[in-house]
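Asker: These are the residues of each chain, in order.
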Amino acid sequence: MNYFELFALPSSFDLNVNELRAKYLELQRAVHPDKFANASERERLLAVQTTAQINDGFAVLKTPINRAEHLLALAGIELAHEHQTIKDPMFLMEQMELREALEEIPSCDDPEQAIIDFGQQIDRHISGFEQQFLGLFTAGDELSLNTCADNVRKLKFMLKLATEARELEERLFGF
Amino acid sequence: MALLQISEPGQSTAPHQHRLAAGIDLGTTNSLVASVRSGEAIILHDSNGVGSIPSIVHYGENGVSVGLEAKAYAISDAVNTVASVKRFMGRTLDDITASHKELPYNLSASKNGLVTIETRTGVVNPIQVSSEILKPLIELAKSTLAGELDGVVITVPAYFDDAQRQGTKDAAELLGVKVFRLLNEPTAAAIAYGLDNDQEGIIAVYDLGGGTFDISILRLNKGVFEVLATGGDSALGGDDIDQVVSDWIIEQSGYDGEHSPALQREIMLLACRAKESLSLQDSTELTLNLPCGNDWHGQLSREVFDSLIQPIVKRTLMACRRAVRDAEIKTCDILKVVMVGGSTRVPLVREKVGQYFEQQPLTSIDPDKVVAIGAAIQADILAGNKPDSDMLLLDVLPLSLGLETMGGLTEKVITRNTTIPVAKAQEFTTFKDGQTAMALHILQGERELVEDCRSLARFELRGIPPMAAGAAHIRVTFQVDADGLLSVSAMEKSSGVQTSIEVKPSFGLTDNEVASMIKDSMTYAKDDMEARMLAEEKVEASRVHEGLASALQDDAHLLSGDEKSQIEQAMAQLASAHAGDDLKLIKEAIALCDTASQDFASRRMDQSIRQALSGQSVDNI
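Going down the list, the sequences are from chains A and B. Reminder that position 80 of the first sequence reads as 80 in the numbering used here, one-by-one numbering, no gaps. Reminder that position 294 of the second sequence reads as 294 in the numbering used here, one-by-one numbering, no gaps.
Same shape as in the complex, but just chain A (with noise of 0.2 Å):
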């Protein structure tokens, strides 16, 4: 299913969030179970399923990764449930630093402050990955594909040490 074409928006990674918003609820208003309450049970069924459809559209198009990840999988190169290694040393280089720096945290002397800068430099990174994703899908042809689908790669990373860092803080500070 496209979900751009769901929502009659433009295939692009650069979307209008507003905008998609503002068609989300349109279409909520139109096939929401409760405009169905007193309709057949085909009907109250398929309201449910449609709105379903129309959730999961909005929940994949709303977030920088998941839309990252159906676009490509609408130009041909499927990424769920792929067991694709990253080969990019200096990546992977960093990616120790970053985790071992995670693991010091709650060993330094503020670790209140320490979580913070972490989950910033961790926020740098991903709006870099997303910045070059941009770029890079525009321009189309399959080496820059191909380089979107290992940014994508990449910011799975990123976004796995992001909620290990949130797990952190939450063991940490209790909440």
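There may be inaccurate statements among the hints.
Okay, derived cross-link-like pairs now, DSS-like style, lysine-lysine, Cα gap no bigger than 27 Å in a straight line [said to hold, decoys possible]:
hint, chain 1, residue 1, chain 2, residue 2
1, B, K564, B, K587
2, A, K62, B, K330
3, A, K62, B, K352
So the derived label-pair ranges between C-beta atoms look like this [stated by the list, open to error]:
hint, chain 1, residue 1, chain 2, residue 2, range
4, A, E94, B, K386, 29 to 39 Å
5, A, Q132, B, G39, 35 to 45 Å
6, B, A535, A, K156, 32 to 42 Å
7, B, Q611, A, S11, 21 to 31 Å
For the record, the hints were derived by calculation from the structure and aren't laboratory data. Using N, Cα and C, we set each Cβ at its ideal position, and we do this for glycine too.
Please build the complex by placing chain B on the supplied structure of chain A, with the hints as guidance.
Answerer: Relative to chain A, chain B alone:
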């Protein structure tokens, strides 16, 4: 039953009828019913002017009583007087004995381990007890609105899991009442509050009731109530406050004799009264009549009380922090904090919540009524009484759903705070060569280990063609509807042989238990099962007929002449089946209508989507 009216093809159907609908707040401590009358949602009062009933059921020698009448037996016949049953909903006997030290009941377990209560009139389960509480509320709605109800909206804590939701819905369905929707309590409060104030922006609803705690973060915008995140604890509330105060009383009194059910009840009631008076004064006097003949006198100050309940308040604030983070907002983004539930009257709760959110929480609206009011507003809309309403509720799944995988681990299929309805599929494979069946275990919760999550259902997928380990592709689809209720289907797809199964995790009651519950239910003592099924099928037939008639009136242009006449024929057959009393014929006619209109329904849905997307700009949202 009156004959069903049918208009000529192409002509308008009957004028719009006002449908009767009600919203019910089925609370741990008190329950109430509200309805929209002359455009305004109001709490319904009985002939004595009472607007809410204690959620207590007494199984007496001369029958069952509910509410105030039942409460009178709370001490004298504690074993047969069930209070706070909401805390038992969807729970096993082990859950209950682990979390409640002393309860004045004789508890037992159903075949699947669910908690049941032994009363003098026999063993009852929490669904049946809840059904008894709903009965007078529904009767009150019927008599006040003067007619049969088309449907109700029942509120549930946002943090209720699938088993607790299903149990609540079943309690209403035992009475033969159509449940339009299960509505999350904080969302209901937001409706009552938001529509009243025409508010826009992000609000937090802090709902601490008698037995449950919810925190919901919502974005309100032009009639859209979008839940960003929800959190809570479905076993944390005023009852827990009473419990810590009771423990303190026992400790202070030095009593170490036997705790009879009556004494337990008495201490709990004393603790509850002390809590209530400490909301108004700084200190309260306590007197307890002990069985040894010596009375105990004591004093509880606000200061000591606050220190006793501090851990409870802290637990709620931790849930708030998590919800704020899940919503991906900061506390300073929150415009207002709305307080709901009787336990938000406790001064320490107000103080701490205010500190955490850095603002004075709103306590101006009656925390006991706001949920029922919100439910009534939604019931009115769902009944179809407000076709022009632009209200839209986008709620979320409170707890992640997943499956057990090898090694006793949970694989999440849908994560918490996903907007519902939602459908997600995930693929799994076989573990051994030649494996032809697979046991699927469905779980709800955030923890990694299966034993830490709630088990919702188990089912087996059979008929997988023998293949090497890892070669089969089993696609498991989870679908959650707008009530937050789950259905699961599984399919083996690699070999082209498809096996599919549909499961409705039903709180672990066996089919026989469900059937005997319906038989036992007092409402149908006179009628037999078949009469009830016939009546229900006739209602469904009218619904299908009415729905098709109005669909044809609006969208006949989507059909070819042949297709249209096929649907009309099916409708005619349905009308004649409806006029008779043959259950089988009615079912067949409904199925025929369903098949004939299958393509029509999806074309109409596509058309709605196209219309929604055309000719609208960002500005008018």
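Asker: Check the hint pairing K62 (chain A) with K352 (chain B) against an upper bound of 27 Å on the C-alpha distance.
Answerer: violated (35 Å)
Asker: Take the C-alpha atoms of K564 (chain B) and K587 (chain B), compute the straight-line distance between them, and say whether it is at most 27 Å.
Answerer: holds (21 Å)
Asker: Note whether the CB distance of Q132 (chain A) and G39 (chain B) lies within 35 to 45 Å or breaks it.
Answerer: Distance hint for Q132 (chain A), G39 (chain B) is violated at roughly 56 Å.
Asker: Evaluate the given range 29 to 39 Å for the C-beta pair formed by E94 (chain A) and K386 (chain B).
Answerer: Since E94 (chain A) and K386 (chain B) have Cβ atoms about 57 Å apart, the given range 29 to 39 Å is violated.
Asker: Confirm or reject the claim that A535 (chain B) and K156 (chain A) have a C-beta distance inside 32 to 42 Å.
Answerer: violated (55 Å)
Asker: Taking only the CA atoms, is the gap from K62 (chain A) to K330 (chain B) under or equal to 27 Å?
Answerer: Holds - the C-alpha atoms of K330 (chain B) and K62 (chain A) are around 19 Å apart, at most 27 Å.
Asker: Okay, Q611 (chain B) versus S11 (chain A) on CB: inside 21 to 31 Å?
Answerer: holds (23 Å)
Of the numbered hints stated above, those contradicted by the structure are hints 3, 4, 5, 6, listed in ascending order.
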